[in-house]
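All chains should be modelled from the sequences, with the hints used to inform the complete structure.
2 protein chains.
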Amino acid sequence: MILMRQFQRPITDTNMQKESEFSDKAFAPASGDMSAADFRRVGHQIIDWIADYSENVENLPVLSQVEPNWLKNNLPKHAPENGEDFAEILKDVDKLILPAITNWNHPNFHGLFSTSTSAAGIFGELLAAAFDQKAMLWRTSPASTELEEVVTDWLRQMMNLDAGYTGIIYDTASVSTLHALAAAREGLDLKIRETGMSGRSELPLLRVYTSEQSHSSVEKAVLLLGLGQKSLVKIAVNERFEMDANKLREAIETDKAAGFVPFCVVATVGTTSTASIDPISEIVPICEENALWLHVDAAYAGSAAIVPEFQKFFAGCERADSVVTNPHKWLFTPFDLSILYCRHTDLLKRAFALVPEYLKTNETVTNQMDYGIQLGRRFRSLKLWFVIRYFGQNGLIERIREHCRLAKLLADWIEADENWELAAPLNFALVCFRACPKNVENLDAFNENLMNEINASGEAYLSHTKLDGKFAIRLSVGSIRVEERHIEKVWGLLNAKV
Amino acid sequence: MILMRQFQRPITDTNMQKESEFSDKAFAPASGDMSAADFRRVGHQIIDWIADYSENVENLPVLSQVEPNWLKNNLPKHAPENGEDFAEILKDVDKLILPAITNWNHPNFHGLFSTSTSAAGIFGELLAAAFDQKAMLWRTSPASTELEEVVTDWLRQMMNLDAGYTGIIYDTASVSTLHALAAAREGLDLKIRETGMSGRSELPLLRVYTSEQSHSSVEKAVLLLGLGQKSLVKIAVNERFEMDANKLREAIETDKAAGFVPFCVVATVGTTSTASIDPISEIVPICEENALWLHVDAAYAGSAAIVPEFQKFFAGCERADSVVTNPHKWLFTPFDLSILYCRHTDLLKRAFALVPEYLKTNETVTNQMDYGIQLGRRFRSLKLWFVIRYFGQNGLIERIREHCRLAKLLADWIEADENWELAAPLNFALVCFRACPKNVENLDAFNENLMNEINASGEAYLSHTKLDGKFAIRLSVGSIRVEERHIEKVWGLLNAKV
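Protein chains in written order, with this note's numbering: chain W, 1 to 498; chain B, 1 to 498.
Rather than coming from a laboratory, the hints here were simulated on the basis of the structure.
All of these numbers come straight from a predicted model, not from anything done at the bench.
Take the hints with a grain of salt, since some may be wrong.
No distinction is drawn between identical chains; accordingly, a pair holds when it is met within one copy or between any pair of copies.
Said to hold, decoys possible - Calculated pairs, DSS-like style, for lysine-lysine (alpha carbon to alpha carbon, straight line, at most 27 Å):
{"hint": "1", "residue 1": "Lys256", "residue 2": "Lys191"}
{"hint": "2", "residue 1": "Lys256", "residue 2": "Lys438"}
{"hint": "3", "residue 1": "Lys360", "residue 2": "Lys230"}
{"hint": "4", "residue 1": "Lys72", "residue 2": "Lys349"}
{"hint": "5", "residue 1": "Lys247", "residue 2": "Lys312"}
{"hint": "6", "residue 1": "Lys497", "residue 2": "Lys360"}
{"hint": "7", "residue 1": "Lys230", "residue 2": "Lys191"}
Take a look at the structure:
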């Protein structure tokens with residue numbers, strides 16, 4: 001297999017030495033679950049395997065090197081009739097799963113947004129899986145219900161968001177944003193909950209505004225809600241890829257004159273392409289004058305709001321209606337954990353609450369099922385609680401600050417080198433750039449090829465975007481394991497080809 | 001604390017003995033993540049803690065005994081400034097989290113649906129958290145993308161569903177059903193994706209049909225999609241709580257005559273109140289004649305389709321359009337993992353696909369982000385793969401068969417006792433019943449009180465529903481740890497109060 005040839009992986013050696021441990025049989029009993037003795041033994045082996053993996057992840061390729069269908073073709077077509085020894089299953093994790101893993105934990109994963117889990121977060125998921133809570137009603141998990149309230153409030157304070165915000169945990173920013181838009185739609189008081197939108201000739205065309213640079217999740221939410229692509233107005237950005245507030249104002253006025261009904265603006269702090277920052281403070285008065293719900297997508301950059309010197313980038317959020325941030329992106333928490341901070345949980349409840357007889361209780365408590373499409377909810381707050389306590393506010397601030405310092409370092413190298421140029425202003429810890437050697441005619445093709453070669457090598461993973469029609473390479477710094485030497489390494493890889 | 005007084009918990013003693021281990025300090029380093037040595041040591045302690053917990057869960061109360069706000073009031077109002085020793089965090093799990101946990105793993109958890117995780121499933125979540133995959137694109141996780149395809153196909157075969165179904169994993173049945181309805185709406189070819197539903201006078205009133213006994217998630221999906229409560233027609237059920245197919249046919253005809261456009265029927269195999277089974281085979285021709293999408297909600301009972309003698313209850317599914325089943329309910333897989341089996345993944349893709357520049361690749365592969373609202377997806381298939389391999393098909397069949405045997409046993413005791421009566425026919429492993437002692441006037445109040453007392457005792461957890469206006473107790477058998485003695489215990493608790 002390619003992986004084995006290219007990488008002399010210490011992890012493989014380690015596991016080979018463990019063969020004897022794995023070969024202790026661990027078969028399922030005739031009834032019930034695994035014995036406690038087997039659980040301890042196999043559990044310790046898996047913990048050790050993960051420790052080896054974490055120590056050696058840097059020696060693994062970043063992007064999986066397998067071809068499409070490699071894993072599929074190596075797996076049986078049918079489930080086994082009888083139970084297997086757990087040792088065999090673990091061997092297959094090593095042999096079949098690991099090569100097909102793209103190592104998001106690799107410190108040179110710089111594609112998309114570099115996200116990373118941490119040991120504390122993994123332990124949180126482990127215990128959450130063991131408790132297996134379904135926090136629909138308070139009584140089905142007081143722990144999950146109340147810890148969520150406490151820990152989202154901790155983070156709210158860390159992010160310098162005011163106490164008017166209540167945090168609710170969802171799985172992903174796509175779902176958080178969907179809920180914000182659903183609540184905003186409910187706030188229109190058009191009886192959409194009761195009578196829907198279809199076949200009602202009295203209803204107006206509704207309008208949502210966002211920038212050309214906003215995340216696809218905004219459009220997906222609009223589609224799912226039945227508003228249609230046409231209802232989403234994409235406002236042009238300035239040369240820094242920030243929403244042009246004047247154009248937003250004009251678009252709203254034009255739409256109103258045409259009889260449309262604007263109801264929501266989605267602004268972004270930290271767009272996906274360039275981490276650009278929409279001018280929230282300029283957008284706020286436009287929303288207030290027009291009574292529009294302002295949702296701020298800070299899925300990526302929200303974590304940076306815990307760093308005092310970065311809080312200025314979030315100015316205006318104190319007058320927004322909702323803000324989404326994803327601790328699973330840049331707060332060392334395993335995927336998935338997205339938080340919607342919302343001022344109008346009453347509207348969320350109005351949009352979603354529905355209590356069948358079998359879920360009725362006499363308790364006057366918060367039942368989290370009332371605030372979303374999902375009925376059961378995982379005990380996600382546990383891992384975030386672990387992460388915040390283990391690192392402390394200062395530990396988290398220092399790590400995010402360091403990522404931004406490393407991004408600035410790379411940006412400085414780029415700016416000082418005539419073979420390279422920044423393709424967008426530096427924001428947070430995302431660098432957009434391209435090679436521009438004088439002797440190359442087709443710079444787009446050159447850069448794309450350069451990126452693809454580095455990605456294919458497994459040494460680092462970069463991704464791309466298009467800015468003003470030009471191909472730009474994106475390098476995101478976000479791994480808990482990233483150090484200056486990793487940025488130097490990528491800089492070396494890039495320059496080796498230019 | 002109440003819990004400590006009521007239960008002499010072996011787990012507490014065990015942990016007390018471990019105090020010395022926990023007191024080895026495990027603080028976060030100045031940069032980067034926990035050391036591998038700390039990870040091993042703390043990880044082993046957590047594994048041991050979970051082993052103790054699992055062995056002793058029967059000695060813990062089922063429903064958490066804490067009062068509302070107990071946990072909240074015992075936690076600091078602000079995040080710690082500096083990182084804490086992980087040993088301190090684990091002590092708080094024992095002291096603060098455990099008492100606030102409702103023990104879904106307790107073999108006498110019979111409320112709602114008795115779901116349960118298994119050791120194999122916990123290990124799957126542990127490794128998934130460590131790999132921290134975001135399977136948006138194939139390349140961002142070939143392992144998750146392809147294992148999902150393989151393992152959902154294994155389960156499809158086990159459930160005796162035909163090869164026309166493709167399985168896609170979502171988090172919950174609420175989200176699976178939402179996607180089925182979104183795809184069905186897209187199949188109307190009314191350009192709802194492009195132009196939405198609002199303000200389009202040419203659009204008809206759309207109609208979705210389900211039974212009076214269907215799950216609230218159907219209605220929630222209809223709300224979110226902007227169809228409105230009015231568009232959901234709830235068809236009456238017969239005396240067995242099964243949808244009346246004749247009434248479905250009449251409702252569709254009436255609606256069509258009124259100019260409405262029916263487009264979807266949601267039938268249920270295993271309703272939440274009574275596990276009743278809608279007559280899929282009678283519903284199928286009605287859907288076919290009217291070109292309606294038939295979605296089958298088998299979130300609970302779908303797991304039982306792997307038992308040969310129960311496959312008859314799923315007759316007709318071979319002509320449905322989609323079927324949802326939740327391995328996290330009755331297949332020993334930790335929450336969350338719901339599978340939507342769908343014949344029309346093209347429509348799902350048409351409803352949801354949206355590829356921004358930064359996610360464009362040249363690979364001709366399946367990118368799972370195209371099939372849903374969520375962009376990133378957890379590596380959920382891993383835990384299901386572990387569960388199916390560890391128990392094997394036969395091990396899983398035997399466990400589900402045994403649960404149904406235990407439910408039948410209780411139903412037999414109830415039928416043989418003049419103080420008790422079944423409130424609904426027995427289906428799968430859910431028993432609906434009530435006490436009917438001759439000397440009691442208000443049977444509803446009597447039964448409600450009886451249930452509340454047992455629940456408050458922490459000895460067992462039962463839930464309720466209303467059937468034909470009468471209060472009925474529900475007892476669901478589904479824990480991997482449940483044995484005949486646990487059913488005997490509840491029967492004893494019930495009879496002690498009658």
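These are the hints, each one checked on the structure:
1. Proximity of Lys256 to Lys191 under the C-alpha cut-off of 27 Å is found in both arrangements, the shortest distances being 21 Å within a copy and 24 Å between copies.
2. For the homomeric pair Lys256 and Lys438, neither the shortest alpha-carbon distance inside one copy (50 Å) nor that between copies (69 Å) is at most 27 Å.
3. Taking identical chains as interchangeable, the C-alpha atoms of Lys360 and Lys230 lie at most 27 Å apart only when they sit on different chains, with a minimum of 23 Å there against 40 Å within one chain.
4. Only between protomers do Lys72 and Lys349 lie at most 27 Å apart by alpha-carbon distance; the minimum there is 22 Å, versus 43 Å within a single protomer.
5. Proximity of Lys247 and Lys312 under a CA criterion of 27 Å is satisfied intra-copy only: 23 Å inside one chain copy versus 61 Å between copies.
6. Taking the shortest Cα distances, Lys497 and Lys360 sit within 27 Å of each other only across copies (23 Å), while inside one copy they are farther apart (65 Å).
7. Proximity of Lys230 and Lys191 under a CA criterion of 27 Å is satisfied in both settings, with 21 Å inside one chain copy and 11 Å between copies.
Checked against the numbered hints above, the structure breaks only hint 2 and satisfies the rest.
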